[in-house]
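Those sequence lines, one after another, are chains A and B.
Counting in our numbering, the first sequence runs from 151 upward without gaps.
Counting in our numbering, the second sequence runs from 329 upward without gaps.
Hints listed in this document are in silico derivations from the structure and should not be mistaken for laboratory results.
Errors might be hidden in some of the hints.
[Unchecked claim] Non-contacting residues of chain B with respect to chain A, defined by C-beta distances greater than 10 Å in every case (computed):
id	residue
1	Leu393
2	Thr467
3	Asn519
[As the list claims (entries may be wrong)] Pair ranges (Cβ atoms, derived):
id	chain 1	residue 1	chain 2	residue 2	range
4	B	Leu414	A	Val156	18 to 26 Å
5	A	Ser341	B	Pro516	52 to 60 Å
6	B	Pro516	A	Lys266	52 to 60 Å
7	B	Val470	A	Met213	20 to 28 Å
8	A	Asp197	B	Ala496	17 to 25 Å
9	B	Ser526	A	Thr186	48 to 56 Å
10	B	Val334	A	Lys286	17 to 25 Å
11	B	Pro516	A	Leu366	41 to 49 Å
12	A	Gly290	B	Lys377	32 to 40 Å
13	A	Lys193	B	Lys452	16 to 24 Å
14	B	Asn440	A	Leu195	24 to 32 Å
15	A	Lys228	B	Lys476	44 to 52 Å
[Unchecked claim] Which stretches of chain A does chain B cover? Using the computed rule of at least three CB atoms under 8 Å from a CB of chain B, they are:
id	stretch
16	221–230
17	274–285
All C-beta atoms, glycine included, are put in the ideal place defined by N, C-alpha and C.
Chain by chain, the residues run as shown.
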Amino acid sequence: MSEKPVVYYFNGRGKMESIRWLLTVAEVEFDEVLLTTREQYEKLLDDGALMFQQVPLVEMDGMKLIQTKAILNYIAEKYNLHAKDPKERVMINMYSEGLTDLMEMIMILPFTPDPKPKLDNIQSKAKERYLPVYEKALTGPVYLVGGKLSLADVLLLECTLMLEEKFPDILKDFPNVKSFQGRMTQIPAISRFLQPGSKRKPPPDEKYLKNVVEVLNLKLPL
Amino acid sequence: MGERVVLHYFNGRGKMESIRWLLTVAEVEFDEKFLDTREEYLKLVNDGKLMFQQVPLVEIDGMKLVQTKAILNYLAEKYNMHGKDLKDRVMINMYSEGLMDLMEMLMVLPFNPDPTAKLEEIAKKAKERYFPVFEKALTGPVYLVGGKLSLADVLLVECTLMLEEKCAGILKDFSAIKSFQGRMIQIPAINRFLQPGSKRKPPPGENYAKAVIEVFQIKI
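Kindly generate the complete structure, drawing on both the sequences and the hints.
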């Protein structure tokens, strides 16, 4: 049996995408089991593989890891994308939590009956609440914390690319973040991830929504 | 200026309560500044103290910490409640994240127009999805992870006490958790926290919801 991590999720971004990004930047090869039917999900449940009956699930190092943030922190620490010093760690965590809050807003859009006002809200929050923080942090430094690549940098890249898909010139007034993005996308593993054929998933569409609703037996609106 | 830890939040539980619990169990004294008006909140924002314009805010060790989970992890590590190695840490984090998901459901109840139906849903999730996990983990062990008190144990006590306030017999079929709760509340710092006059906040009532809505100018 291979020692590669195996990630279990729907066939789309959702909460798993940040984990795919992080494994990719850490240059850790992984396999994917894409959940497209209810039966697959029920089998995971019956096998006791899902601690709280939820995905993401990442099998690695003999463990069945769940809860996105627990997984991200484990991978970051293991592959040297967190920090040793507690003060740097808390900075990475604060930046990361802000970014996952923002990405969560984008993530639930497909499940919202009236996305337009939500989109407007996301754009203004991004430009007024979040991007200024990272613009300031990257005035000078090459990375967000401690002079080295961390989980926070990976999430900032992921987040800004997702925002630009919705709002193409959202980084217009944030040149430091834009330069940071440019530097990051030149990292070979990231450059490959952004090419067609990689494990990166496309923006969520009707198909993805149907996939999730069917597998989880959801009633919309949430 | 003293080296005191200072918490900035509403005068109520919300997202700050878990932090109050953790500091209490760690036997760390702290001061509190309550946000009663929108002006006080805006002052914090204008002073640049809130990284993402949000509370909780905890001033500690010369830093202004925001984001509940970042704060809890910082405190847990500092006060030795975050496991001895990476594998312990991920177990603690998985348990903690699950408990915080469950407590978040309770936390938003005051803002829900139909809380009764929601409460039933929460009780069901607690009994079918969450409690069985902790019941199993505490069948034998005294603490959830690694044989020592951690952030996960603190959150489990907090969570089960909060649920019992709403659904008195909810731990009826979970004897290992009930015993765990019994052991934990005998810890002197926790025992004191559960007495009147401590910094523990009461369950959210009308006033709490009103204060939050006003300070943040939320539209429900």
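message = Output the indices of the hints that this structure fails to meet, ascending.
response = Violated: hints 1, 8, 12 and 15.
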